[in-house]
Each structure stands twice: as structure tokens, then as C-alpha cells.
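J.: Got two chains here, separate frames each, mind docking them using the hints?
Sequences listed follow chains A and B, in order.
Letter by letter, the first sequence follows residues 1 to 456 in this note's numbering.
Letter by letter, the second sequence follows residues 1 to 233 in this note's numbering.
Derived from the structure by calculation, the hints contain no laboratory data.
For glycine and all other residues, C-beta sits at the position ideal for the given N, C-alpha and C.
Keep in mind that the hints are not guaranteed to be accurate.
What the hints assert, rightly or not - If you want the ones that stay clear, here's a sample from chain A, every Cβ over 12 Å from chain B, calculated:
(1) Phe7
(2) Gly41
(3) Leu79
(4) Arg145
(5) Leu153
(6) Thr154
(7) Thr159
(8) Glu290
(9) Asp361
(10) Gly362
To be verified - Rough simulated footprint, nothing fancy, chain A against chain B, three-plus residues with beta-carbon under 8 Å:
(11) 29-43
(12) 77-91
Claimed, not checked - Listed below are the simulated DMTMM-like cross-link pairs for lysine to aspartate or glutamate, each with C-alpha atoms no more than 20 Å apart in a straight line:
(13) B:Lys150 - A:Asp131
(14) B:Lys90 - B:Asp202
(15) B:Lys139 - A:Asp246
(16) B:Lys90 - B:Glu61
(17) A:Lys235 - A:Asp246
(18) B:Lys139 - B:Asp160
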Amino acid sequence: MLKRLLFFIALQLAGAALGFSQGGPWGAVGGTFLAAWLWFGWDASNAARALAWLRRGGPSDSPHLHGTWGETVDRTCRLQRQHAQALQASEARLQTFLSAIQASPNGVLLLDSVGRIEWCNLQAAQQLGLDAQRDHLQTIGNLVRDPAFSAYLTQGDFTQDVLLSRPTSAGAPALQLAIRLYPYGDGSRLMLSRDVTQLQLAETMRRDFVANVSHEIRTPLTVLAGFIETLQTLKLSEEERAHYLDLMAQQAARMQALVQDLLTLSRLEGSPAPSRERWVAVGPLLARCEQDARALSQRVLPAGSTPHEWHFPDEAMRNAAGEIAGDEAELYSALSNLVSNAVRYTPAGGAIEMQWQVQADGSACLCVRDNGPGIAAEHLPRLTERFYRVDRGRSREHGGTGLGLAIAKHALQRHEAQLGITSALGHGSEFCVHFPAARLRPGAGSALSGGPGRKR
Amino acid sequence: MSDKHLSSQFDSELNQVSARVMELGGLVEAQIRHAVEALSQFSLNAAEQVAELERRVNAMEVEIDHQLTTIIARRQPTARDLRLLMAFSKATANLERMGDEATRMARMVRSIIDSGAVRTLPSGELHVAAELASGLLRKALDAFARLDTKAALAILKEDDRIDREFDGFVRKLITYMMEDPRTISASLDLLFLAKAIERIGDHSKNVAELIIYLVEGKDVRHTTMQDIESVVQ
Numbered sequence: 001m002l003k004r005l006l007f008f009i010a011l012q013l014a015g016a017a018l019g020f021s022q023g024g025p026w027g028a029v030g031g032t033f034l035a036a037w038l039w040f041g042w043d044a045s046n047a048a049r050a051l052a053w054l055r056r057g058g059p060s061d062s063p064h065l066h067g068t069w070g071e072t073v074d075r076t077c078r079l080q081r082q083h084a085q086a087l088q089a090s091e092a093r094l095q096t097f098l099s100a101i102q103a104s105p106n107g108v109l110l111l112d113s114v115g116r117i118e119w120c121n122l123q124a125a126q127q128l129g130l131d132a133q134r135d136h137l138q139t140i141g142n143l144v145r146d147p148a149f150s151a152y153l154t155q156g157d158f159t160q161d162v163l164l165s166r167p168t169s170a171g172a173p174a175l176q177l178a179i180r181l182y183p184y185g186d187g188s189r190l191m192l193s194r195d196v197t198q199l200q201l202a203e204t205m206r207r208d209f210v211a212n213v214s215h216e217i218r219t220p221l222t223v224l225a226g227f228i229e230t231l232q233t234l235k236l237s238e239e240e241r242a243h244y245l246d247l248m249a250q251q252a253a254r255m256q257a258l259v260q261d262l263l264t265l266s267r268l269e270g271s272p273a274p275s276r277e278r279w280v281a282v283g284p285l286l287a288r289c290e291q292d293a294r295a296l297s298q299r300v301l302p303a304g305s306t307p308h309e310w311h312f313p314d315e316a317m318r319n320a321a322g323e324i325a326g327d328e329a330e331l332y333s334a335l336s337n338l339v340s341n342a343v344r345y346t347p348a349g350g351a352i353e354m355q356w357q358v359q360a361d362g363s364a365c366l367c368v369r370d371n372g373p374g375i376a377a378e379h380l381p382r383l384t385e386r387f388y389r390v391d392r393g394r395s396r397e398h399g400g401t402g403l404g405l406a407i408a409k410h411a412l413q414r415h416e417a418q419l420g421i422t423s424a425l426g427h428g429s430e431f432c433v434h435f436p437a438a439r440l441r442p443g444a445g446s447a448l449s450g451g452p453g454r455k456r
Numbered sequence: 001m002s003d004k005h006l007s008s009q010f011d012s013e014l015n016q017v018s019a020r021v022m023e024l025g026g027l028v029e030a031q032i033r034h035a036v037e038a039l040s041q042f043s044l045n046a047a048e049q050v051a052e053l054e055r056r057v058n059a060m061e062v063e064i065d066h067q068l069t070t071i072i073a074r075r076q077p078t079a080r081d082l083r084l085l086m087a088f089s090k091a092t093a094n095l096e097r098m099g100d101e102a103t104r105m106a107r108m109v110r111s112i113i114d115s116g117a118v119r120t121l122p123s124g125e126l127h128v129a130a131e132l133a134s135g136l137l138r139k140a141l142d143a144f145a146r147l148d149t150k151a152a153l154a155i156l157k158e159d160d161r162i163d164r165e166f167d168g169f170v171r172k173l174i175t176y177m178m179e180d181p182r183t184i185s186a187s188l189d190l191l192f193l194a195k196a197i198e199r200i201g202d203h204s205k206n207v208a209e210l211i212i213y214l215v216e217g218k219d220v221r222h223t224t225m226q227d228i229e230s231v232v233q
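This is chain B alone, in the form it adopts within the complex (with noise of 0.2 Å):
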């Protein structure tokens, strides 16, 4: 992932650490695909590996953490490793969080499951979001270890659609609560599960700009996409 240093132990605790933080990576897929399964499903076994998941996750942030917070203070590196080192701490952070929006969905399709009304909301509706927001991190991950700008890019085009899906299923979830006053509470937590496939949409979105400031050393940060798309070009 970087170019060679001096110190070629330095590269190797480089390596060691963008290691770690795809790693992080693939637990947070494996969560979000557990999640989905088990929204899919109503299956209260995939909802529980999706709790289990979440443990191993934080202990790896905070792990990665202190890697980052070594390397920085023995190396002090500047320019390109810097950013690097930025990125990873950033995206560790976003990972995180997105773990944590896997955890939230699992726990909303317990308490659907509980309020045993899950045959009569448009839960499968959610699922095509959350196919996307799993499918938009994957792209992210890959992008981030290729440090592929292009596909960085597309990422930020795609996550309209998740946030599209958003909006017409939280009208959709209006007219079921407006027709059947009982289904309010059930309504809810479909509410909150999408809130979070639509909060992994946005993290997978960090990740990308994450993925333009490392290869161009550009903030892309709360900018218009046309600029974004001068900086990438």
C-alpha cells in the first residue's frame, strides 16, 4: 500500500496496520451481511452472530488504535504517511460506527420479531437498501485497499440511491402507520432499521473521500461533486 521507506521496518508496521484495518473491514461486512440475513429472514440466530461480531470490533478499533497512536509518536511521519496513518485512524472510526449500525438493525429485527408484526410491514423493501449499503461498503473496502480513486467516485454517485430508497420507503411506512394505527410501534423500529442502512450508506461514503484524500491529498470533504470530479480527474 505505500512505497518503500528508509526504514524498512517502518514498511512493515505499515503494512502490519492497513492489515488490521481491513480486517476491521471484513468483520464489519460480516456483521452487515449477518444483519441483513437476519432482516431477511426474521432469523433470530443471525441476529445474535451480529451481537458476538460487535465484540470483537471494538476490541480491534481500540487495538488498531494504539498502533496508529505508536506509530505516529516513535516515527513522526509526515506528507504521504501522515495522510496514510490519517486515513486508517478515520476509517477505523467509520468502520466502527457502521458496526454499530449493523448491532442497532439486528436489535430492531429482535423487537419486530418480539411484536410479532412481521408479516404485515413492507420489510422487504428494506432489503434491496440494505443489499445496497452492504454492497456500497464492499466497494469502499476494495477501493480503499486498491487506493482506486475512480471507484472512490462512483461510490459517492451511489450513495443517492440508498438515501432515494430512504425517502420513498419512510412515505411508504407513513401510509401503513396512517392506516392501522396498531402497526405504530412495529413502524418505528422499520424506521430506525432503515435510518441505519441509510447511516452505512453514508459511512461507506466517508471512507470513499477518505480513499481521494489519501491518493491526491485533497480535503473532498463537504464539497460539490464537480469539484470533487476535478480533483479525481
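This is chain A alone, in the form it adopts within the complex (with noise of 0.2 Å):
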């Protein structure tokens, strides 16, 4: 301000000394006269540049100006940048916010006090059919139209969840959701939804697996209380008591075979892996595994019918076929559930083949076929789960538990191993289990008779 006030004055004194020089005294009254009318213009038009730049509201192309007015310029320039800055850094905060919760697991929506949709992300898009740009203050009652959603927006009790079901493209399980509400500031509230269809699934099948434990545990119950009240009250034979205890004795031993199996599959779940320092000898196995299904052929197939045309690996083939890391009691109690099953579910006459193929890239597979009457296509994906029959009479009458495959395949699981089921109704069954690489080595026999080279 000072430095305009001498400026000034000095001005006025430069027009003053001007005016006397040329004029005498009233030159110089003159001349100052002049002198302040010529400063004020020079000022009003700075002013007015100054005025019009701001008027244009961009800080780009800003007037040279000096004096006050350039000063004023400058500094409007600098505070404007500094606002952008400080606009651009929250700017950049907020979408380091958003897209953190973009990558949020769950769907995140925020709603605003009428129940519009203000944000989402991507997720709660995708699972309620929503368009996070085109939906935008969308009334969220106006798309997500279940009658529970809507009772549950109007209610006002957010302390629960509220489950929907979204059907999906076609063919596929409808997705499950789980929604909540969340108010947050002046009545505005967030919308988690969370997709719980395994969650439910899983519910599901352990449901399925207590109920039908039960259920497989009071069968063979019912019917042992039923021979004891027999015994109690009525007097017998002593064959007739015989023919009973028999009978008595089969569902005991029905029993413990389920509680055996039961217990088996805990134990698999239990218990950590098995190591990968012991190893088992495949050949032995393979020789069991026939053993085993040679005497449950001759026990199932009725007296004098023909009996099953089997095609085991011979010795030589057995002697190659290397080791497995992992457990043997497991690797046998999976594979016997092969086999056996191959032989209960093949009709007499019928041929099962048990093959053991190395492959080209060192893992191996172990399939056990059957030509008997296959499996439809709509029962192989639950085929493994327990107590899933494809026919429940007839699988009792072969005395199995519903639990073989089941434990054949979570055993297997812990040796890294995969079961592949592949059959068609009418052309017998292909159950293959391939080991990795890394569990198999080539056993000493292998070695003696042929080395590394057979191995094709």
C-alpha cells in the first residue's frame, strides 16, 4: 500500500515540477491535476483487466499486471491452485475408498433416506441385477421386488438378516443372498448382501447326513427290538431260536459296519495328511484287491451261476508298477471300496478289470471297470456324497453302507489323488483314480527288472 502512496505522489510531484516548468505556479497546480486523473485511469483499467479475467473464472492466461492489482492477481492464481490440489488429493481419497470397497467379497450399496440407490459396487450389482451407472437414484424397492425385501425395507428392523433368492441364467441353482441394512447419518443406509448359496448348501447336506444317520443306525435297531420282544414273549424251538439269533446277529454285524465306516470317515477328516516319507508298495495292494474281490465274488453270486471274468494285472505287471507315498491302511480301504463295489453292482458272468497305467509325465492311474448296468449321468456328480444311492432297496440288499464311495474318495483326496467316475446306463462303469507324480516312485522291483526305460 505504501508503495502505491509513493507512487502516486511521486507522480503528482513528476506532473507538478512538469507543469511549473512550462506554466509557472498554475502550470504546476495543473499538471499535479492532470497527473492524478492520469493515474486514476491507469488504475481503473488494471481494475477492469483484473475484473474481467476473474469474470472469465479461469485461472489460465491471467493479465500481466503490476502494482496491487498484479499482486491481487497472483495471488488469487495461487490460492485457486492450491484448492484444486487439495480438490484432487480428496478426490483421489475417495476413490482409494471406493475402490476398496469395490473389492469388498460382499455386495455394498448406499441408499439415501427415500431408499434410492446413491452407490454401488460391483459386486451388489452383479447379484441384483443391478447397473451401477444407469440405476443411479434409482428407488432400490423398484428393482429388488421380493415381497420379503420389500416387507423388510418397510418394517424398519434392521437387526436380522433377510434371505432372497436371485434366479440366475438359466439352468444354474438360483443364487442365495443374505441382505442387511445398516442406518448410518441422516437416514441414509448401507446395504451389505452377502452370497450364501454354499453356506446353504452346506447346511443342506449336513442336515441330509444327520437325518440319515439316524435313519441308517434305526433301521437294523428296529428291527433287532423286534426279534428281542420275540424272544421274550414267545416260547420257541430251539431252531426257531437259532433261525432268530441269526437274523439278530446279520443286523448287529449291519451295525458295526456302519459305525465302522462312520468312524473311518472321521478319522480321514481328523487326522493330518499322510506323509509323504512312507511308502507303499503298489503291487501287494493290487494282489489284495484281487484277493478281496475273488472271495466277495464267490459270497454274492448265487450258488451255480457263472461266475465273473476278471482281468487283473499278472505278478510281472505288479512287480513294475512302483510305490505310492501315504498310508496303506487308507490307499487299501479306498481301493477295496473300488473293487468291491465293481463286484457287488456286476451281474454274474459280467467281466471287471482293475488296470495300472503309468503315464508319460510320471503320474499314474488305477482304473477298476465294469461292464454291469452303468450309472445314469444324473447321479455321478453326487455319487460320492455319503448315503447317496442310486437305489436305495438294492444297495442295502448288497450290504453296502452308503458310505464306500465317500470314504474311498476323501482318503484318496488326502494322497492327492483324484476319483473320476465316467458311465453310461448299460455300459458298465469306469471308476480311475490318478496319483501325481510327485507321490509315485518306481519300486525296487521296477529297477531290477527293467530300470527306468520300461516306464512308458
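T.: Put into C-alpha cells, the structure is as follows:
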């Protein structure tokens, strides 16, 4: 301000001096007057330029001015730049927050006080069939029209989840969503949606399992109780008594088998994975399975019918089969389950084949094939579920507990092996176990008889 | 759904009634979903739920009609507001009809279960058409909420697929009836069921036409597809 005053006074003095030299004292007065107007004109033009620039509103092409107006313009420029930077920073922070919410596995939706969508992340858009841009400020109740949800919205008690099922693309099972609202701020609400399809599936499976176990245990128990009552109340001949006791023993054995299988399953689930240090020779394992199969075949086929036709690896092949890292008892129970299934379900005269193949990449396949009745395609994915039976009555009459394949699959999974099932009605079934190369090594037998070159 | 009015009370009334119409749509969707479930799993339980929802749908239709009459009497709307209210009124009627069709489906499923001919007839193929129809209704209501005429046009085109499915199904049923006259009564039930599904598709189409009427101001009922396309573009 002082500079401005000094400049003004200097200009007037200069005007006065110039006027004095031209026209004496009156000239000095006129010069001062003229200088004051001159200064005012210059200052007004500067002010007009600064104002015009401010009216244009842009920080770009600021006018080059001197003195106070110049500084005003400079400072305005600087303030504007600072504001822009602060805005950019907060915008960047907002974007970080939004992308963090985008990354959430749950659907997140922000609703305003009248229930319109203010923002939603990609998950929510997918789960609820929304479009984040187009549905901005659309009322949520118009797009998520499930009666359960609209009741939830209006009743105003948000302490519980509401469950919705959304149809997905044709054929796929419906998406199960758990949705919950959290009020915040001035009547706004945060809506979280979680995909609970798998959770509900697991819950159903657990319920089914408990129901099945109870049922499977109760059936033989009912029979036993019936016989006990008979023995208690009726006077029976020695022969009848022996017959009843026989039947009772059968039922008791069935229950024992069931409990044994359940215990095996829970042991498989509960214990740590089998070590990679212990090696099990495949040859003897296959031989044991073969013995079991032949013995079982004699037991289950009615006397006098055509025996099964066997195709098992011969001794040389067994010796060349190498070793698997893992637990012998578990592997044996898995493989013998597969073989005994083949024997049980293949009618008299049918062929049963067991094959051990080492692949080029060092992994190996154990296949059990039969030409029995086969399994319909709709049963295949569920075959290894506990107590899942293609045909209830038949399976029981074959003496199965319904847990065999579940045990096999579990035991094999623990050995990183995969169980593949292919089958078609009328064309027999094939159960293939694929062992990874990491769990295999050529055994002593194969080294003696042919060395690694035999491995093809 | 609508632009601002001088009277914010009017705005809130319009919003309220549009929310009710959408809620009715949700009820009918649920009804059809249960009816489809009843059909695909022959579940009596699901069929019962359809009948239960029907009562709510009916009550809601009456309530919405009452609200609409009140608004028209009190506000004397013109232009777009009038079209909006007309569209609401017609959509409500169409939705209620769809609810009736779903109820009919449930009734037919029940009578097929009672007749015991569940396994012998090709009911599985109806399932596809039923899914199509319920998907169509969902899209129609989504488009209505978004006032999306492009989606409405797509719905009009898609309805033909349901009609084709229906024709094919009728031909198939005839062969079944000729093969074994004992299945005729159950086949007739299935025929009515198929017809109900086809009607649901038609009603969805009506709703789609209402959207174009509401947004463009042109009534496109009973016109050719080319005319409709030129209106929407």
C-alpha cells in the first residue's frame, strides 16, 4: 500500500514539476491535476482487466499487471491452484475408498433417506442385477421386488438378515443372498449383500447327513428290538431261536459296519494328511484287492451261476508298478471299496477289470472297470456324497452302508489323488484314480526287471 | 420416476403409488416363481404358497386402484402425469391377471398330482417355457422401473419364443393323447397349464408396450414391429 501511495505522490510531483517548468505556479496545479487523472485512468484499466479475468473464472491466461492489482491476481491464482490441489487429493482419497469397497467380496450399496441407490459396487450390481451408472438414484424397491425384501425395507427392524433367492442364468441354481441394512448419517442406509449359496448348500448337506445317519442306525435297531421282543414273549423251539439269533447277528453286523465306516470317515477328516515319507508298494496292494474281490464274488453270487470274468494285472506287471507315498491302510480301504463296488454291482458272468497305468508325465492311473448296469448321468456328480444311493433297496440288499465311495474319495484326496467316474446306463462304469507324479516312484521290482526305461 | 412438480405432495403421491405397483410386481413374480417350482418338483407346498400370495395380490390391486382414483380426482393430471397414471392402472390390471394365471398353474399342478399321471407326461418341457415367461416378467418390471424403451422392445421380440414353445408343446401333447387315451384328462390339465404360461408371456408384453406408451406418448398396441421400432428409435 505504501508503494502505491509513494508512486501516486511521485507521479503528482513529476506532474507538478513539469507544469511549473512550462507555466509557473498555475502550471504546477494543472500538472498535479492531470497526473492524478492519469493515475486514476491507469489504475481503473488495471482493475477492469483483473475483474474481466476473474469474471472469465479461469486460472489460465492471467493478465500481466503491475502493482497492487498484479499481486491480487497472483494471489488469486495461487489460492485457486491450492484449492484445485486439495480437491484433487480428496478426490483421489475418495477413489481409494471406493476402490477398497469395490474390492469387498460382499455387495455394498448406499441408499439415501428415501431408499434410492446412491452408489453400489460391482458385486452388488451383479448379485442384484443392477447397473451402477443407469440405476443411480433409482428406488431400490423398484428393482429388488422380492416380497420378503420389501417387507424388510418397510418394517424398519434391521437387526436380522433377510434371505433372497435370485434366479441366475438358465439352468444354474438360484443365487442365495443374505441382505442386511445398516442405518447411518441422516437417514441414509448401507446395504450389505452376501452370497450364501454355498453356505446353505453345506447346511442342507449337514442336515441330510444327520437325518441319514439316524435313519441308517434306527433301521437295524428296530429289527433287533422286534426280534428281542419276540424272544422275550414267545416260547420258541431251539431251531426257531437259532434262526432268529442268526438274523439278529446279521443286523448287528450291519450296524457295526456302519459305525465302523462312520469312524473311518471321521478319522480321515480329523487326522493330519498322510506323510510323504512312507512308501507303499502298489503290487501287494493290488494283489490284496484281487483276493478280496474273488472272495466277495464267491459270497455274493448265487451258487451255480456263471462266475465273474477277471482281468487283473499279472504278477510281472504288479512287480513293475512301483510305490506310492502314503498310508497303506487308507489306500487299501479306498481301492478295495472301488473293487468291491464293481463286484457287488456286476451281475453273474460280467467282466471286471483292474488296470495300473503309468503315464508319460510320471503320474499314474488306477482304473476299475466293469460291464455292469452302469449309472445314469444325473447320479454321477452326487455319487460320492455320504449315503447317496442310486437305488436304495438294491444297495442295502448288496450289504452296502452308503459310505464306501465317500470314504474312497476322502482317502484318495488326502493322497492328492483324484477320483474320476465315467459311466453310461447299460455300458458299465469306470472308476479311475489318478495319482500325481510327486507321490510315485518306481519300486525295487521295476528297477530290477527293467529300469526306468520300461516306464512308458 | 417422474420430474419435479410444483407441488412436492403430488410428487410423493406419485412415488408412493409407483412403489406400490412395483411391490405388486414383486408379489406376482414370487407367485410365478412358486408356480414354476410347483410344476418342476410337483410340490404341493409350493402350490399352496401361490394361492396364499393370490389373496395379497388381489387386496393390493384394489388398494392401488383406489389410490389412483384419488390422485386423478384430486390433482387432475395432464400429459405425462396422466400417461403415468394410466400406465400404472393398466400395469396393475395386467399384473393381477398374471397372478391369476399363476394360480391357475398351481391348481393344474395339483390336479395332475392328484390324477397320478406325473411321470408319464412331458411336463419337463413346460419348465423351459415357464422359466422364459417368468424371466420376461422380471425384465418387463425392470424396464418399467428404469423407463427403458430399448429393453421393452427386446421383450416384445422375445415373447415370440414362448409362443413357439407353446405351439411345439401342443403338438407333442397331441401325440401323447393319441398314443394313450387314458392320459387325455391329465394332458388337458397340462394344456391349460401351458396356456397359462403363454398368457403370462402375453401380459408381460402388454406391460412392455405400456412402457413405450408412457415414455414416447405413442400407443403401440396392435401395430407392426417396424412401427414400434421407429417409435422407439
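J.: Next, verify each hint and record whether it holds.
T.: Right, here's what the structure says about each hint:
Against the 12 Å criterion, A:Phe7 stays outside the reach of chain B, whose nearest CB is about 56 Å from its own CB. No Cβ of chain B comes within 12 Å of the Cβ of A:Gly41; the nearest lies about 51 Å off, and the non-interface call holds. No beta-carbon of chain B comes within 12 Å of the beta-carbon of A:Leu79; the shortest separation is about 36 Å. The claim that A:Arg145 is not at the interface with chain B is violated, since a C-beta of that chain comes within 12 Å of its own (minimum 3 Å).
Some Cβ of chain B comes within 12 Å of the Cβ of A:Leu153; the nearest lies about 10 Å off, and the non-interface call is violated. A beta-carbon of chain B is positioned within 12 Å of the beta-carbon of A:Thr154; the least distance is around 9 Å. Taking the minimum C-beta to C-beta distance to chain B, about 23 Å, the non-interface status of A:Thr159 holds against the 12 Å cut. Its beta-carbon lying about 42 Å from the closest one in chain B, A:Glu290 satisfies the requirement of being farther than 12 Å from that chain.
Remark: the non-interface label on A:Asp361 is consistent with the geometry, its nearest Cβ contact in chain B lying 43 Å away (cut-off 12 Å). Every CB of chain B lies more than 12 Å from the CB of A:Gly362, the least distance being 46 Å, so the non-interface label holds. Under a criterion of three residues with beta carbons nearer than 8 Å to beta carbons of chain A, the stated coverage of the region 29-43 of chain B is upheld, 3 such residues being counted. Coverage of the region 77-91 of chain B by chain A is violated. Counting CB-CB distances below 8 Å, 0 residues qualify, and the rule asks for three or more.
Restraint check: the Cα-Cα separation between B:Lys150 and A:Asp131 comes to about 15 Å, which is no more than 20 Å; the hinted pair holds. Proximity of B:Lys90 to B:Asp202 is assessed by CA-CA distance (about 14 Å); at most 20 Å being required, the pair is judged to hold. Between B:Lys139 and A:Asp246 the CA atoms are separated by roughly 66 Å; this puts the pair beyond 20 Å, and the hint is violated. Simply put, B:Lys90 and B:Glu61 have alpha-carbon atoms about 11 Å apart, close enough for the 20 Å limit, and the pair holds.
Of the supplied pair hints, the one linking A:Lys235 and A:Asp246 holds, its CA atoms being roughly 17 Å apart against a limit of 20 Å. Pair hint B:Lys139 plus B:Asp160 holds up; C-alpha atoms about 15 Å apart against a cutoff of 20 Å.
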